[in-house]
Amino acid sequence: MTPVLGSVSLSLAAGFGILSVILLSLYIRSGDYRLFLAGRRMAIIVSALVIIATLLLVKELITSNFDVDYVAHYTSIETPTIYKFTALWAGQSGSLLFWVFILSIYSLIMIFQNRNRYHRMMPWVLCVILTVQLFFLILTNFITNPFEPTNADFVIANGLGLNPLLQNLTMAIHPPVLYLGFVGFTIPFAFTFAALLTNEKGSLWVRSIRRWSLVTWLALSCGIILGGWWAYQELGWGGYWAWDPVENASFMPWLTGTAFLHSIIIQEKKNMLRVWNTILIMLTFALTIFGTFLTRSGVMSSVHSFTESPLGPIFLAFVAIIVTVCAVLVFQGLPKMKSDKHIESLTSRESGFLFNNVVFVTMCFAVFWGTIFPVISEAVRGTKITVGAPFFNQVNVPIGLLLLMLTGVGPLLAWRRTSRSNFIKYFSIPVGLALIAAIIFLLFGFRDYVVISLTLSVFVVVAIITEFKRGIQARVNRFGESSFVAFRTMVRKNRSRYGGYFVHLGIVLMFIGFTGQAFNLKKEFGLGINDREHVGDINFELKQLREEERPNHYAWIAELLVTEKDGNNITTLRPEKRIYFHRDPNPDRRQPHSELDIHTTLKGDIYSVFSSIDTDNGIAFFQIMINPLVQFVWYGGYILVLGTLIALWPSKREKLLT
Amino acid sequence: MFSFSMLMLFCLFSLVFLYSIWPLFKGVIFNPSNSQDTLDALERRKSLLYREIQYIDAEYDIGNLNKEDYNLTRTELVQETSDIIAEIKLISSN
Amino acid sequence: MAPKNKIVITVTGFTLVALFWIYWVTVNPIDEKAMVKFISVQEILQTEDNERVRIGGVVADGSITLSSTNKLEVAFTLKEGDSFLPVEFIGTRPDLFKNGAEVIVEGLYQEGSFHADILQTKCASRYEGDLRDASSYNLDEIEI
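Residue numbers (this note's numbering), protein chains in the order written: chain A, 1442 to 2099; chain B, 93 to 186; chain C, 2 to 145.
By construction, these hints were calculated from the structure, which means they are not laboratory data. Hints should not be assumed to be uniformly reliable.
Pair ranges (Cβ atoms, derived) [unchecked claim]: (1) Val1766(A) x Phe15(C): 26 to 32 Å; (2) Ile1584(A) x Gly82(C): 44 to 50 Å; (3) Asn163(B) x Ser1937(A): 24 to 30 Å; (4) Ala1758(A) x Phe15(C): 32 to 38 Å; (5) Thr1522(A) x Trp114(B): 28 to 34 Å; (6) Val12(C) x Thr1522(A): 53 to 59 Å; (7) Ile1584(A) x Leu104(B): 23 to 29 Å; (8) Gln171(B) x Ala1959(A): 54 to 60 Å; (9) Ser64(C) x Val1716(A): 58 to 64 Å; (10) Ile113(B) x Asp1508(A): 34 to 40 Å; (11) Gln171(B) x Val28(C): 56 to 62 Å.
For every residue, glycine included, the Cβ atom is placed at its ideal position computed from N, Cα and C.
Make a model of the complete structure from these sequences and hints.
Next up, the structure:
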């Protein structure tokens, strides 16, 4: 009964969705407010029905109703309850339903927030959101229905279950957090689209979507970092970012989204860069749909698998429609959108933001180019050329360093133009200290990108500190407050800016973490008991090899004594080699899995993988990696989140404007 | 297949559908989008301007804005604010 | 020069430099692993070229042979359709590497066998499309 209800909910949602769009369109033409009220109610019902359908699917998952194909495929009776729940987004149809589920929640919040304002824009905003909802509803109704019954003549006693590799908490939270970010950009996009169509000038509506955009951006950032964290902790190759198409799919909208967040500050304060902002948010939204397409359609593995399911072409068509409609609208609206004000100087804050936009879009294009190059090369020349991490690293490192530099330079520039004396006054200390640092780094023997990266990091940190100092000093001078009180008041009165500086600090830490990769060491070797091997200056000795039978797997546990060159004890690492389904008579059904052990310090991680065991000769094979400074990436991430929360924290006055 | 639960569901659906189209049967409603939006927008613009003035005061103190730009911008903002206050008074007194 | 023109020129200049840079890295990457041709087993058996390539296929059943001297060294046969390619690889084997596993290898074809320095198995965590085929289910059957 429930699966039927679920399917029916989805069909009804689609029906109400179409009706709502019709009513809202009629309202836009006629101005009869009753049409708007009815249309808005239907929009609410659409979202409610999607939420109901999703809850029904969750119920089927948790109660293990294997008559539903999706439940049988992604869970089993033994699957722990939490992973029965997270199976909601594990498969294709479930994840598409989940996408529109999140959008529906966002839609309800947005409708509630704006129930008494923006009456001219709202019908358009709702139409945009409904169109996106309808797209996913068409997919889940006709192409991949999560409530599809199991196609079997027999009663199904147990499902396939979830791969043990996926049964850990990070992997469980990573998709929903990412989706909260991805999907969220639909709202600012809808508003921008509406503003364009209703000729809404000015900076008011930009201010209200600023909050939405920041929350979405935070979720997307967390999702990306969580993905990297999971890869590092679980996959065993010692890295956190491989420039994989799926990773790039989430990174591209992050790039344009970050540019958008910065650029709308200028639109708010100076009503400039309107065209840029419109294009940036449209790009960001289009990239989120494109990203969903990349992840879901399988196009990256081969152009052939792309055409097997109609999902791929439909997604691509939707992206094409979005891009075309947006391009036409922007082109038509260009004369009205262009600001009458102009950037007055190359060394102005406004120009800094403009460059910021250009650099972010450039990096986004570089990533996009590398990601779709294989598809293009196959389509154009017949040979598929895979693009690996070295390409992305080589292209993006200089662009990234440029961004790092802008992070420091931007806040030091004045509005409109920076006078020569001010330029010297504000830049001399950060630049000076950075140069001294550069000399020190060169003396230490660092070269190339490492020196540049570390020098720029110093530059940015000093620049941020001077910014804080200037703000505090200004308050002390004018209001006579103590430094501490001045600091607190200053942050409180301008959370966006100072929260933003914290975010930048987090980014600097992450860059330091990235730089550590230049010093990564990796070695593979076999050890018998009491054998020794070294990686760099660190020694590894196999002290013990134990075996253990556990409830759902068999484990070999290695005890590695890790010491420094001079003999000092660092730690004991205990990587494991596990075999899941070890009692299965078919040896090909048994699943080996390496459980890593990592020794973490600020200076670096010692990463150990128990790769295989030669039981005949009693030799265990290990893969050891030394990853200097990698913890800076995660700590930078925490500070980034902290800074964003500071920026988001509501102040009393905020209620008036959002 | 006719069952009690199907009947209940159909009733529920009808109620929901009726709820959604109910506004269509009311008499003609005054469209708030015209004056309401304008007044609303003016009020929000006014708050924004207050904030802006405070912002550039702070920016000038910190040194991100030079004296003439500061004076120029401040005068513009204050002028716009007083214009808006006048307009709000006009509309609300109608 | 008016500031506006200065800015337009600088932005355009930067954009051109950036586009050129992207183009440059595409055709002249520092690392040979940046842009690698992906070909089929059939093609590599016929080709005369000696360039680095990437090949995908399935591990032929029963073909995995570990070296007796170095347990990190493995030889196996990569099967794609009806074509077979002998492969040698030295290094840590991925956990999912076994008979019938879908793998991707990267390296050079020399003297009749493929010397791979990269061996990857299809990521188990990638959420697959539907597998509506009942034979792929690991289900207990109860007769109705």
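Query raised in the report: Can the suggested window of 58 to 64 Å be confirmed for the beta-carbon pair serine 64(C) and valine 1716(A)?
Result: At roughly 60 Å between Cβ atoms, valine 1716(A) and serine 64(C) fall inside 58 to 64 Å, so the hint holds.
Query - Outcome for the supplied range 32 to 38 Å, where the beta carbon pair is alanine 1758(A) and phenylalanine 15(C) - result: holds, 34 Å
Requested in this report: Could you tell me whether the CB distance from isoleucine 113(B) to aspartate 1508(A) stays inside 34 to 40 Å?
Outcome: holds, 36 Å
Query raised in the report: Range hint 28 to 34 Å: satisfied by the CB atoms of threonine 1522(A) and tryptophan 114(B)?
Result: violated, 41 Å
Query raised in the report: Would you say the C-beta atoms of isoleucine 1584(A) and leucine 104(B) sit inside 23 to 29 Å of each other?
Result: holds, 28 Å
Report task. Go ahead and decide if the range 53 to 59 Å is satisfied by the Cβ distance of valine 12(C) to threonine 1522(A). Result -> Cβ of valine 12(C) to Cβ of threonine 1522(A): about 55 Å, so the range 53 to 59 Å holds.
Requested in this report: Hint says 54 to 60 Å; check whether the CB-CB distance for glutamine 171(B) and alanine 1959(A) agrees.
Outcome: holds, 56 Å
Query - Outcome of range test on Cβ distance (valine 1766(A), phenylalanine 15(C); 26 to 32 Å) - result: Since valine 1766(A) and phenylalanine 15(C) have Cβ atoms about 30 Å apart, the given range 26 to 32 Å holds.
Query raised in the report: Should the hint that isoleucine 1584(A) and glycine 82(C) are 44 to 50 Å apart at their CB atoms be regarded as holding?
Result: violated, 29 Å
Query raised in the report: That 24 to 30 Å hint for asparagine 163(B) and serine 1937(A) (C-beta), does it hold up?
Result: holds, 25 Å
Query raised in the report: In this structure, is the beta-carbon distance linking glutamine 171(B) and valine 28(C) contained in 56 to 62 Å?
Result: Since glutamine 171(B) and valine 28(C) have Cβ atoms about 58 Å apart, the given range 56 to 62 Å holds.
Against the hints set out earlier in the document, violations occur for numbers 2 and 5.
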